[in-house]
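Here the protein sequences line up with chains A and B, keeping their order. Numbering-wise (this note's numbering), the first sequence opens with residue 58 and increments by one. Numbering-wise (this note's numbering), the second sequence opens with residue 58 and increments by one.
To be clear, the hints were calculated from the coordinates, so they are not data collected in a lab. Glycine is no exception: its CB is placed at the ideal position from the N, C-alpha and C atoms. Worth double-checking, as some hints may not be accurate.
Here are the simulated DMTMM-like cross-link-like pairs (lysine to aspartate or glutamate), alpha carbons at most 25 Å apart as the crow flies [what the hints assert, rightly or not]:
1. 114(A) / 181(B)
2. 162(B) / 104(B)
3. 94(B) / 181(A)
4. 131(A) / 125(B)
From chain A, some residues computed to sit far from chain B (all C-beta separations above 12 Å) [as the list claims (entries may be wrong)]:
5. 73
6. 74
7. 123
8. 195
9. 238
2 protein chains.
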Amino acid sequence: NKEKIISYGKRGMTLEEDLNDTNMYYLSNGTAVIHKKPTPIQIVQVDYQSRSTAVIKEAYFRQASTTDYNGVYKGKYIDFEAKETQSATSFPLRNFHEHQINHMKNVVSHNGIAFVILRFVSTDEVFLLESKDLFLFWERMENGGRKSIKKDEIISCGHRIEYGLHPRIDYLKVIQHLLLV
Amino acid sequence: NKEKIISYGKRGMTLEEDLNDTNMYYLSNGTAVIHKKPTPIQIVQVDYQSRSTAVIKEAYFRQASTTDYNGVYKGKYIDFEAKETQSATSFPLRNFHEHQINHMKNVVSHNGIAFVILRFVSTDEVFLLESKDLFLFWERMENGGRKSIKKDEIISCGHRIEYGLHPRIDYLKVIQHLLLV
Ligand SMILES: [Mg+2]
Ligand SMILES: [Mg+2]
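Okay, chain A solo, but in the shape it has when bound:
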């Protein structure tokens, strides 16, 4: 459905905006409670101009120690990271940090559900990749293998998510299916 992909691409929405919208839809429909965590900031200087107004005058972006999204779906703990790439042929693994991989491994070891949502910007294609598969590609890299996941590999291991209107990126449809398997 090329026409659909193009029309959504035209909207110029980022993956994060689409996911926030999707999560809001899930929340209002009673499907799940999933939120994006705030960006971690190191605050250095704050001006308290009045009792009620505090202005942060100096702060720095910190690296996140976990993934960006988490929440609850059917009693299960859900945890994921969303990433976009400009590359058309592969997904660079440098998009992930080692502590994010470790965090996802911890989540899985406590019977949580962890995954990543990957978007190829040039073609506006979105995939859900289960953490178990991400770990394999990560280990391949650590063992001296390629530093990215080939798009063909994502197509065969991952789960394609077609854009929709409500919700825009229905990733829980994939999770629901995996829970039934």
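Assemble the complex: chain A is given as a structure, and chain B with the ligands must be docked to it using the hints.
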């Protein structure tokens, strides 16, 4: 054990520091994966001084739309807020925002586990109050009743948590017990 309480009080640790330490202990011991969410910030102006250094020059604190802590314990979704009060006789409900109460109600409706951890600063006493009890006190207030929870009520409804060394505030012991009941 008054001596113990006093000695811990002398440390001058905040509830947040004690809980972060506790969560780090849980993580390294393989008990649970629970993190504090970053403080939500509205960024207005950023200076990109070099390729790698971005300095936030103007930003404001935003109100959180959820609770501060969440994660996974034995496959279950855990969600809580931690609050301190200077009052010795009651816990003011204005410490909570309505959207935090609504968030906890949403969590419970999806079979997650929601609660609050309350600390009385003057006596350095810590209690875990289950969300179902918090909701009752909140509704009492909404129906024109008192705007706080009496300490006596917290003692009878809540679960006292004694300070420890490792972990400092073992709130999952309470949750484990509740899961077995
Ligand atoms: Mg991120
Ligand atoms: Mg808070």
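field: Separation of residue 195(A) from chain B, once the least beta-carbon distance is taken, above 12 Å
entry: 18 Å, holds
Query raised in the report: Far enough from chain B: is every CB of that chain over 12 Å from the CB of residue 238(A)?
Result: Correct as stated: the minimum Cβ-Cβ distance to chain B is 17 Å, above 12 Å.
Worksheet item: Has the given pair, residue 131(A) with residue 125(B), been kept, meaning a C-alpha gap of at most 25 Å?
Response: Answer holds: residue 131(A) to residue 125(B) is near 21 Å, not above 25 Å.
Taking 12 Å as the cut and beta carbons as the points, is residue 123(A) off the interface with chain B? Violated, because the least Cβ-Cβ distance between residue 123(A) and chain B comes to about 6 Å, which does not exceed 12 Å.
Does residue 74(A) sit more than 12 Å from chain B, CB to CB? 16 Å, holds
| query | Do the alpha carbons of residue 94(B) and residue 181(A) lie within 25 Å of each other, as the hint requires? | reply | 30 Å, violated
Q.
Tell me if the straight-line CA distance from residue 114(A) to residue 181(B) falls inside 25 Å.
A. Since the Cα atoms of residue 114(A) and residue 181(B) sit roughly 34 Å apart, the hinted pair is violated (cutoff 25 Å).
Using Cβ atoms and 12 Å as the threshold, tell me whether residue 73(A) really stays out of contact range of chain B. 14 Å, holds
Holds or violated: residue 162(B) to residue 104(B), with C-alpha atoms at most 25 Å apart: Answer violated: residue 162(B) to residue 104(B) is near 40 Å, above 25 Å.
Hints 1, 2, 3 and 7, counting from the list given before, are not met by this structure.
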